[in-house]
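Be aware that the sequence shown starts at 225, since it is given in our numbering, and climbs by one per residue.
Since the hints were derived computationally from the structure, they do not count as laboratory data.
Glycine included, each C-beta is placed from N, C-alpha and C at the ideal position.
Certain hints may be false.
Below, computed lysine-lysine pairings styled on BS3-like, alpha-carbon distance capped at 27 Å [claimed, not checked]:
| no. | residue 1 | residue 2 |
| --- | --- | --- |
| 1 | K241 | K255 |
| 2 | K261 | K249 |
| 3 | K232 | K255 |
| 4 | K232 | K261 |
| 5 | K232 | K249 |
| 6 | K280 | K268 |
| 7 | K243 | K255 |
| 8 | K243 | K232 |
| 9 | K237 | K261 |
Quick list of simulated restraints, FRET-style, between CB atoms [to be verified]:
| no. | residue 1 | residue 2 | range |
| --- | --- | --- | --- |
| 10 | S256 | E227 | 19 to 27 Å |
| 11 | F235 | D266 | 27 to 35 Å |
| 12 | I275 | Q229 | 19 to 27 Å |
| 13 | R279 | R258 | 32 to 40 Å |
| 14 | W239 | S272 | 22 to 30 Å |
| 15 | P240 | R286 | 32 to 40 Å |
| 16 | G285 | K241 | 40 to 48 Å |
| 17 | N225 | Q267 | 32 to 40 Å |
| 18 | E269 | R226 | 42 to 50 Å |
| 19 | L284 | N225 | 35 to 43 Å |
| 20 | W236 | D266 | 43 to 51 Å |
| 21 | K232 | R258 | 33 to 41 Å |
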Amino acid sequence: NRELQVKKNDFWKAWPKGKPEGYDKFLALAKSGRPRKAGPVDQKEDISKSIAYCRKELGLGRR
C-alpha cells in the first residue's frame with residue numbers, strides 16, 4: 225500500500241479532467257468529522273452479511 229498524494233496539484237495532472245468538482249468541500253467535510261466506534265450490533269450485522277455473501281456468491285463454507 226502507498227499513500228496517494230492527492231493534496232499536490234501534480235497528482236491531478238494524470239487525469240484530463242483534473243480534480244473532481246466539489247472535492248475540496250469533501251475534504252473539508254472529512255476533516256471536520258469524527259470517527260465513531262462500531263458497536264457490537266454493527267459488527268455482528270457486517271460479519272453476517274459477509275458470511276452470507278461468501279457462501280452464496282463464492283461457494284465457500286461447509287456443505
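Given pair status - K268, K280, alpha carbons within 27 Å: 18 Å, holds
Pairwise beta carbon distance, L284 to N225, judged against the given window 35 to 43 Å: 25 Å, violated
Verdict for S256, E227 (Cβ pair) under range 19 to 27 Å: Check passed, 21 Å falls within 19 to 27 Å.
Range hint compliance [Cβ, P240 to R286, 32 to 40 Å]: 50 Å, violated
K232 paired with K255 [C-alpha distance capped at 27 Å]: OK: K232 and K255 at ~17 Å, within 27 Å.
CB-CB spacing for R258 and K232 relative to the 33 to 41 Å hint: 26 Å, violated
Consistency of beta-carbon spacing, R258 to R279, with hint 32 to 40 Å: Roughly 35 Å apart at Cβ, these two residues keep to the hinted range, so it holds.
Pair hint K232 and K261, alpha-carbon separation not exceeding 27 Å: 31 Å, violated
Pair hint K243 and K255, alpha-carbon separation not exceeding 27 Å: Within the cut-off at roughly 18 Å; holds.
Distance restraint hint 19 to 27 Å, applied to the beta-carbon atoms of I275 and Q229: 37 Å, violated
Distance restraint evaluation - E269, R226, Cβ atoms, bounds 42 to 50 Å: Roughly 32 Å apart at Cβ, these two residues miss the hinted range, so it is violated.
N225 paired with Q267, Cβ distance criterion 32 to 40 Å: This hint is violated: roughly 23 Å between Cβ atoms.
Going through the hint list in order, the structure does not satisfy hints 4, 9, 12, 14, 15, 17, 18, 19, 20 and 21.
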